[in-house]
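**Q** Take a look at the letters that make up each chain.
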Amino acid sequence: MNSQRHLRVVGDAAAPAASPTAPAEGALSRSAVIGQLLVRVGRGDESAFDELYTATAASVFGVALRVVRDRAIAEEVAQDVLVEVWRRAARYRPEAGSGRTWILTMAHRRAIDRVRSEQAHTDRLRAHGSTITGSHDEPDTVVDMAHREWEVRRVREGLALLTERQREALDLAFAKGFTHREVAASLGIPLGTAKARIRDGLIKLRDAWEEER
Amino acid sequence: MNDTIDDPHSLLGPYVVGAVDEVDRQLFENHLRGCTECREECARMSDAVATLVDAEAVAPPATLRAAVMGRAAQTAQLPPTVVGDAGSHGPRKRRRWPLVGAAAAAVIAVTGIGAVLATADDAPDASALEREVMMVSSAPDAHTMELSLGSSHLVMSERMGGVALMGLDAPAPAEGMEYQLWLVLDDGQMMAGPTFMPDADGKFMAMMHTDFKDVTEFEITEEPRGGSAVPTGEMVAAVSL
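Here the protein sequences come in this chain order: A and B. Heads up, the first sequence is in the working numbering, so the first residue is 1 and it goes up one at a time. Heads up, the second sequence is in the working numbering, so the first residue is 1 and it goes up one at a time.
Bound conformation, chain A alone (with noise of 0.2 Å):
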């Protein structure tokens, strides 16, 4: 009987810097100091996770919003991921990422699960012609930083080399939450091209935000 195999062990979260194999991020400051307070929330430092809060709830609380659309959802959704932040801090492992992305990547996800337990796929195909707007809601009040103003344009940058097929894609993908069938069948076009379309505008945003380091 050999069907037990340890394929990899994985490692206790320790190092508190980012690996040197992670790209350097484009805030690279705050980037740094997050993934700094993530090892030692993972440490139960309570201040370290107030401070953790004050870094990233903003984002966090955003994309919620964006995503399903109701603040009260949104609220549910940002409480349950920093929370979860919380409880899983010391799992999180430097080498693998940075912590923001750690972080930011999470809610995202979780507000897209919550987006879809909510509705029936067929629903939002169905709501989609009527429902999508423009690109960007505009945000209730986005939070008061200089770096944060210098990121949106950024990300404004970024998002004007994308092709206008790419980026009507992304956003359905990003902001909608819809999976790569859906963004096919919504947009009338191949899987495989919904997925190129994907795939080749997070790479053209990769290499425009990378490049700036």
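A few of these clues could be false.
[Claimed, not checked] With the C-beta cut set under 10 Å, the calculated list includes, among others, these residues of chain B facing chain A:
{"#": "1", "residue": "50"}
{"#": "2", "residue": "76"}
{"#": "3", "residue": "226"}
{"#": "4", "residue": "228"}
In case anyone wonders, no lab produced these hints; they're calculated from the structure. Small disclaimer: the values here were computed from a predicted structure and weren't measured. Think of the CB as a built atom: it goes at the ideal place given N, C-alpha and C, for glycine as much as any other residue.
Please arrange chain B on chain A, whose structure you already have, making use of the hints.
**A** Showing chain B alone in chain A's frame:
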């Protein structure tokens, strides 16, 4: 374009931006384990997605901080090592056939050779199933094997004490039939597993808690809806250990 539906690499973009359903997510995460290139690319693209997220920042309601801090204060933190998960399983020996869950229809509990059959017509909680599948396929000892039923995988984990099946583009079984998983023991005995039914897109997911002592092979057969106590239908796929 060399993208095909079956090529896991092509799921990279959709995966990073969350545009995958649970089955695709699991398929891609299994792929990620063995593909350094995709892992690195995934990390870089995820940074881009995080930047998109950051750009959405909106001042949260003032009540959020207190709510988060209050709940955190009452929430135990997970220990640093992944899996084994918070001592919920421990080293204890699993019962042989504690629970069987299937995506679409029946839940079958089998005890020993005498095979007691119990079915539940209501679909079990799909998200509970997804969680179970995720537990198995994200275990550090998860072992993935290809399954010749559309584009499918079987993942087993000794640590999690379970085997998960997930797939895409599986052909529909004959009218009135479902697929059923079997564990073949070294003495030739066939232990009944869950039945499952691909959806319209050929997607399916199924999960069975078991240990793997004496198991030599997994087989999938077509069985009448509700499943059988012993295999009666044609074998459609098999994986040897």
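**Q** For each hint, tell me whether it holds in the structure or not.
**A** Going down the list of hints, with the structure as the test:
1. The interface hint given for residue 50 of chain B is met, as the beta carbon of that residue sits about 4 Å from the closest beta carbon of chain A, less than 10 Å.
2. With a least beta-carbon distance of about 7 Å to chain A, the hint placing residue 76 of chain B at the interface is held under the 10 Å criterion.
3. Hint status for residue 226 of chain B relative to chain A: violated, with the closest Cβ pair at about 27 Å, above 10 Å.
4. Because the beta carbon of residue 228 of chain B sits about 25 Å from the nearest beta carbon in chain A, more than 10 Å, this interface hint is broken.
Checked against the numbered hints above, the structure breaks hints 3 and 4 and satisfies the rest.
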